[in-house]
Amino acid sequence: DPPKPLIERVLGGGRVILLSATLSRVDAELLAPGEEVAYFDAPSPIPVEQRRIFYRPMAGRANSRTPVEFIAKHVMAIIAENPGNVLIHATYSMNARLCAALCKIGAKAFSNTSETKKACIERFKKSGGIFVAAGCAEGVDLPDDECRVNIIPVLPRMDPTSPEIQKWLALPGGRRRYALET
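Throughout the sequence shown, residue numbering follows the numbering used here, covering 4 to 185 in sequence.
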């Protein structure tokens, strides 16, 4: 979300146009409470057959206490069925441990820290492989064969005790927005 001073300054103008691949109607309405909001949702330029989604849940419920070895075995089964460059989305608290568990069972994987994120993304673009990526919630541009498989082994949830999230949850539709953001 944009910082409050930016919102106040931008919304002080007459008309505001916000462009984002991830800006929902709810986001637009929250940014301009009480204002008329015109919302345009464009279709994806990526053909449907190139953006298939498979839901392959693990046995049991995965969370921060699930052993990474269990998650790594599940991820490797998915990779075996979907060869090519693989981007695995993980939290910073999980990515190094998951990467080590994948390497331990024979995968050639690498992970990043917040300091090495940009360099690791460039490495992945050049060399491919299995990238256990953290901090990539804003998206990574990997067209065509740079990456055809994205795996999200555990959905990261925002901290429901943070003041910002508490404000969301208190608003009408806030719990739904929290679920959608996750």
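Do not rely on the hints blindly, as some may be mistaken.
Claimed, not checked - Here are the simulated DSSO-like pairs of lysine-lysine, each with C-alpha atoms no more than 30 Å apart in a straight line:
1. 111 with 129
2. 129 with 107
3. 120 with 76
4. 76 with 111
No lab work stands behind these hints: they were computed from the structure.
For each hint, the structure was consulted:
1. Simply put, residue 111 and residue 129 have alpha-carbon atoms about 15 Å apart, close enough for the 30 Å limit, and the pair holds.
2. With a C-alpha separation of about 24 Å, the suggested pair residue 129 and residue 107 falls inside the 30 Å cut-off, and the hint holds.
3. A distance of roughly 25 Å separates the Cα atoms of residue 120 and residue 76; the hinted pair therefore holds under the 30 Å criterion.
4. Among the hinted pairs, residue 76 with residue 111 is consistent with the structure: their alpha-carbon atoms are about 14 Å apart, no more than 30 Å.
In summary, the structure agrees with every hint in the numbered list given earlier.
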